[in-house]
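Based on the sequences and whatever the hints tell you, model everything.
There are 2 protein chains.
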Amino acid sequence: MFNNVTIVGVGLISGSLALALKEKGFAKHVIGVSKTKESEQKALELGIIDEALPLAQAVAKSDFIYVAIPVDATVPVTLQIMDMINDQQIVADAGGTKYALCKALENHPMRKRFVATHPMWGTEFSGPEAAVHGAFAGRACVICDKEKSNTQAVQIVENIYKELGMHMVYMEAEAHDIHAAYVSHISHITSFALANTVLEKEKEEDAIFELAGGGFESTVRLAKSNPATWVPIFMQNRDNVLDVLNEHISQLRKFKACLEKENYEYLYELIEHANKIEKVLSRN
Amino acid sequence: MFNNVTIVGVGLISGSLALALKEKGFAKHVIGVSKTKESEQKALELGIIDEALPLAQAVAKSDFIYVAIPVDATVPVTLQIMDMINDQQIVADAGGTKYALCKALENHPMRKRFVATHPMWGTEFSGPEAAVHGAFAGRACVICDKEKSNTQAVQIVENIYKELGMHMVYMEAEAHDIHAAYVSHISHITSFALANTVLEKEKEEDAIFELAGGGFESTVRLAKSNPATWVPIFMQNRDNVLDVLNEHISQLRKFKACLEKENYEYLYELIEHANKIEKVLSRN
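First to last, the sequence lines map onto chains A and B.
Here the first sequence is numbered in my numbering, starting from 1 and rising by one per residue.
Here the second sequence is numbered in my numbering, starting from 1 and rising by one per residue.
Certain hints may be false.
In this list, chains with the same sequence are indistinguishable; a pair is considered to hold if it fits within one copy or across any two.
[What the hints assert, rightly or not] Straight-line Cα separation of at most 20 Å, SDA-like style, residue types lysine to any residue; simulated pairs:
#1 Lys256 with Pro227
#2 Lys254 with Lys279
#3 Lys24 with Glu158
#4 Lys112 with Glu174
#5 Lys37 with Tyr266
#6 Lys203 with Lys279
#7 Lys203 with Glu278
#8 Lys254 with Asp243
#9 Lys276 with Ala130
No lab work stands behind these hints: they were computed from the structure.
So this is what it looks like as structure tokens:
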């Protein structure tokens, strides 16, 4: 149980975590740090935070500081926090990329007080209004470079995530970013590009609106995601994302070639191969 | 109220329709026609059909014949049915493409007894086991070339769909196929290609399995769809699908170029543009 917890960023992830920390009895008092007065105000109104403070004051009062802001800001802000803490405080982040951050903190004298985490949960919405009760359950949480953190600090952070219903997966930061490119980042690019395809080609908005069934909606759901979150992720994970994106384009070209050459046998095989994803996804 | 209804194909769509026809009191007795004994048996066991018969016997006894089989088979089978019916019987299909079928039936002497429909509902599953109660609700049903069908026959078919909670959209068959390429067919290709990308690049199945969160799962959900259903759709709608697929590949190339050139401002714009899909999808 922490007396004071600070969430840096008062949005989807940090807001949902703050709600859960209170509900599960992990935090008595939650302090929010935000770039904007509106978000602070909204988070206070929604009962996500008890108090809004500037970063330095918030950190000084807190046992646990949780950073969940766009990954480009995460690096300098976390470094700033690391310069402020003592060896009893714990810092963790929730960023969708891990290598750049872990690299930046590598030689920091307080590195052991930091735990690099990526709870693999989210929705396509953002801001304090997007925070929900019961988030995170049933999903994986990646802990990166665990051995660089204080053992007890890792245990405390893991206990929080476990209490929220997550299971832990351990990876090196570099491996995390490769895997995240496959199973998260490319899905977002595909979805953004699909939305743009349809918006470009389908000038009759009525038709999109009327015909879009469940299939289309689930495929473009992620296209509603916030550019302020995603551009920094693509920046930081550029090489891996490019690698997967190149593969994805060449996979799409195979479908294109099948149609052009009317090679429906191979088209059938491509689809049968794709069906194997079901087995991987439902393995447990 | 029909005395006897025949469903040709005993799968996801026809099975779900049969269950609904019984529940809503539209049919006293449902006859199933299937290519395989196993499906017939399964559909009987599941209470989807009351009786399994060969096509000719089933049609001879039925007031309403509903064809929901892969679209390549739909054309010859529907033509066969049209040769068997009298001017009191009604035939409708549920195919995901409409132009080839409507073209094939164009000059049939019984054309007025046929209603071309595409209920925009489905799941990624197939076979009689995939049939569900409460299907179709809240979605659009496209009626094509309405004026070529008998007015009363159209009304009867529409009443069924309306009773299931669908709203009607009217289109020419050719226009339907164009719109379907945008809002349904391309989503499937994207999803199949994404599954193949990940299966190709991500050799560590454990990582896919452990990390795949809601985002990935919703984007690849359609990749579980049956090739026997989808290859014929892509065949019949080849030109439109190729057109949209080319656009989709060029949209993905824009994302690729942004990353290669580190043009993150334009990447931001592309994502902001994609976000507009939300407005179109949630317009009502």
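Quick rundown of the hints versus the structure:
1. In this assembly of identical chains, Lys256 and Pro227 lie within 20 Å of each other by CA distance solely across copies; the values are 16 Å between and 29 Å within a copy.
2. For the identical chains of this complex, Lys254 and Lys279 are neighbours neither inside a copy (23 Å) nor across copies (32 Å), given an alpha-carbon limit of 20 Å.
3. With identical chains, the CA atoms of Lys24 and Glu158 are at most 20 Å apart within one copy only, with a shortest distance of 14 Å there and 51 Å across copies.
4. Within a single copy, Lys112 and Glu174 get their C-alpha atoms as close as 19 Å, which meets the 20 Å cut-off; across copies the closest is 64 Å, which misses it.
5. Taking the shortest alpha-carbon separations for Lys37 and Tyr266, neither the intra-copy value of 57 Å nor the inter-copy value of 28 Å comes in at or below 20 Å.
6. In the homo-oligomer, the alpha carbons of Lys203 and Lys279 lie at most 20 Å apart only across protomers (14 Å), although the nearest pairing inside one protomer, at 38 Å, exceeds that limit.
7. For a Cα distance limit of 20 Å, the shortest separation of Lys203 from Glu278 across copies, 15 Å, qualifies, whereas the shortest one inside one copy, 34 Å, does not.
8. Taking identical chains as interchangeable, the C-alpha atoms of Lys254 and Asp243 lie at most 20 Å apart whether they share a chain (17 Å) or sit on different chains (15 Å).
9. For the identical chains of this complex, Lys276 and Ala130 are inter-copy neighbours only, at 18 Å across copies versus 34 Å inside a copy, given an alpha-carbon limit of 20 Å.
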